[in-house]
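Asker: Keeping the supplied structure of chain B fixed, place chain P upon it in accordance with the hints.
Now for the letters of each chain:
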Amino acid sequence: MSAVPANPTAPEPEKRWRMLWREFAENRRAVAALVVCGLLLAAALLSPLIAPQNPYDLTVIDMFDSRMPPGSVNPDGFHYWLGTDGQGRDMLSAMLYGLRLSLMVGVVSGVLAIAFGVSLGLVAAYWGGFVDALIMRVVDFMLGFPTIMVALILLAVLGQGVDKVIFALVMVQWAYFARAVRGTALIERGKEYVDAAVSLGFSRPRIVFGHILPNCLPPIIVIGTMQIAHAISTEATLSFLGLGLPITEPSLGLLIANGFAYLLSGQYWISVYPGLLLLVTIFSINVVGDRLRDVLNPRLQK
Amino acid sequence: MLVFIIRRLLQSMLVLLAVSIVVFVGLYAVGDPVDILLPDDANQSERQAAIRSLGLDKPLITQYGIFLGKAVQGDLGTSFVFNIPSIELILSRMPATLELALCAMVIAVLIGIPLGLWAGLKPGSAADEVITTGSILGFSLPGFWQGLMLIMIFSVWLGWLPSNGRGTTGTIFGIETSFATWDGLRHLLLPAINLALFKLAMMIRLTRAGVRETMPLDFVKFARAKGVSEPRIVLVHVLKNILVPIVTVIGMELGSLIAFSTVTETIFAWPGMGKLIIDSINKLDRPVVVAYLLVVTMMFILINLVVDLLYATLDPRVRLKGVSE
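Same order as they appear, the protein sequences are chains B and P. Using this note's numbering, read the first sequence as starting at 14 and increasing by one per residue. Using this note's numbering, read the second sequence as starting at 3 and increasing by one per residue.
To be clear, the hints were calculated from the coordinates, so they are not data collected in a lab. C-beta atoms are modelled at their ideal positions from N, C-alpha and C, and glycine is treated no differently. Wrong hints could be hidden among the right ones.
So, partial list: chain P residues that the calculated Cβ filter (under 8 Å) puts toward chain B [to be verified]:
(1) I138
(2) L139
(3) T250
(4) I252
(5) L256
(6) A261
(7) V265
(8) T268
(9) I283
(10) V291
In silico EDC-like cross-links for lysine to aspartate or glutamate, where the CA-CA straight-line distance does not exceed 20 Å [as the list claims (entries may be wrong)]:
(11) P:K124 / B:E262
(12) P:K242 / P:D310
(13) P:K124 / P:D220
(14) P:K124 / B:E39
This is chain B alone, in the form it adopts within the complex (with noise of 0.2 Å):
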């Protein structure tokens, strides 16, 4: 039996950080696609400026150019990379502007649900009693429907709209938050230093923001990068199901949606290549977020 180290402090704040980033680092996959999702997100802020053409502007797209296949160049000497649309949009630019609007949605949501979802679930932990009860009642009835269900349902009731899209995205989502968190923040309540921080005589509110939310943030930050993955494909799939965003806002799935119709004749472009940049993008950020599972998973650690 050897000694055990006389250093029970946790290792400081940043030292903690750089441990982990070297941990995450040992997974080459998780590292290409956490590069992968910052070159989407540069592309998508970039949009308006490398976009070879701006797919709202109708003065520069020709209803004679439409459904061109990838490669083609039309009389004027523009090249279609990747092909045209049904209304002759070029699908290069079409998808840059669809990606901004996706990411968007799906950032917009996932950080609010997260502020909603959080904030509720700390307040059961640390209030409990009614509260805890009143509140879990409601993460468990949110938590039995399925997410597409419950969206479908809102937008229904609510109608087309960006700001509708996000608000119900939020509303399946904050529960998830809710419940991760306030599982944590309770294991985090029992411990010295809560005891310390109630004995010094701080106020309640500093002390959940102040003092247990920093220690409840490794489940956060996990299930935030799998619920924005998660936001995207659903705005994607409300979209495509024509209960999302407007035509006038052509997110990814409204992209594909659009060419549904004309994938049965063959021109395969409009729907395929939207539908790969959804993907590609959905996937880079479930591989970094399950490598961040792995990374920030107590029960893994050696």
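Answerer: Leaving out everything else, chain P in the frame of chain B:
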């Protein structure tokens, strides 16, 4: 046990009531079904007559009261579009959806669990890498796009399988099903695979994670020390332990399969409940939408109840609330 079931069923009544209010009031705010139902050249008096015959002229609370009164007697209203009782319409579409969901679940379990076991027993190996990456891919594929790709490859390019409808159905034990005929099976294959892929990926991940967390536990070492053969340890002792979360997920996901089948049914023109709800939302056929949601809510409640009961049977450590006292 009985107390538990009764309490849960009473809770379910409240949930159903809440869902019905939310949906009824919500749908009331959207569009005017009369516009869609009447021909364009209908005059004002025809309009008024239609509004009156549909009961749309009464205040919202009265409409809900009438709806609730009839609902208790099993009458959920008549479809505006098909002009038959909406509950009848939904029940007539239900077998097609259940058949699809069940078939998808069987595919997911039969392929997913073995692959998950394989990956979990050899973490870090090439097989694990391929299976895990594949499962993340399956997780990431948007269901509707994957359906389009299946149609493009197997129907348009290769021409092997039909892309829409249910094909010829036959009857087995008095139930109309696609299992009965070769043509029906051919029609079933693509939609079932499309619906199954996501769940398949989920099964792989669950099983793999379960195996990885169970293998280092003491009882496995003990069994090994006792000389139990490795296949027996994995297939009996480990599998039994990871079955609890898997069964829960199978149960819960059966509900979600029914919900997700809306997407698959829309793409493959499969005449089930999911296609019905999308069509009904688009046509503002309120009675059908309300009835569908109530029926589906009821199904979820029942499924969740069965899962909880199964859970307690599989794992004696789980005590049901209301049973312990």
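Asker: Mind checking the CB of P:I138 against every CB in chain B and telling me if the closest is under 8 Å?
Answerer: Since the shortest Cβ distance to chain B is 5 Å, the answer is holds.
Asker: Does the closest beta carbon of chain B sit nearer than 8 Å to the beta carbon of P:T268?
Answerer: holds, 6 Å
Asker: Within a Cα-Cα threshold of 20 Å, do P:K124 and B:E39 meet the stated pairing?
Answerer: holds, 18 Å
Asker: Mind checking the CB of P:L256 against every CB in chain B and telling me if the closest is under 8 Å?
Answerer: At 10 Å from the nearest chain B Cβ, P:L256 fails the 8 Å test, so the hint is violated.
Asker: So, as I understand it, the hint says P:L139 touches chain B; can you test that by seeing if any CB pair is closer than 8 Å?
Answerer: holds, 6 Å
Asker: Just to be careful: measuring from the Cβ of P:V291 to every Cβ in chain B, is the smallest value less than 8 Å?
Answerer: holds, 7 Å
Asker: Taking 8 Å as the limit, does the beta-carbon of P:T250 come near enough to a beta-carbon in chain B?
Answerer: violated, 12 Å
Asker: Given the hint that P:K124 pairs with B:E262, does the C-alpha gap stay at or below 20 Å?
Answerer: With Cα atoms ~47 Å apart, P:K124 and B:E262 exceed 20 Å; violated.
Asker: Does P:A261 pass the interface check with chain B, least Cβ-Cβ distance below 8 Å?
Answerer: Holds - the Cβ of P:A261 comes within 8 Å of chain B, reaching about 4 Å at its closest.
Asker: Does the structure keep P:K124 and P:D220 at a Cα separation of 20 Å or less?
Answerer: Given pair P:K124, P:D220 holds - Cα atoms ~19 Å apart, limit 20 Å.
Asker: So, P:I283 near chain B? Judge it on the closest CB pair being under 8 Å.
Answerer: holds, 5 Å
Asker: Quick check on the hint: P:V265 CB to chain B CB, less than 8 Å?
Answerer: holds, 6 Å
Against the hints set out earlier in the document, violations occur for numbers 3, 4, 5, 11.
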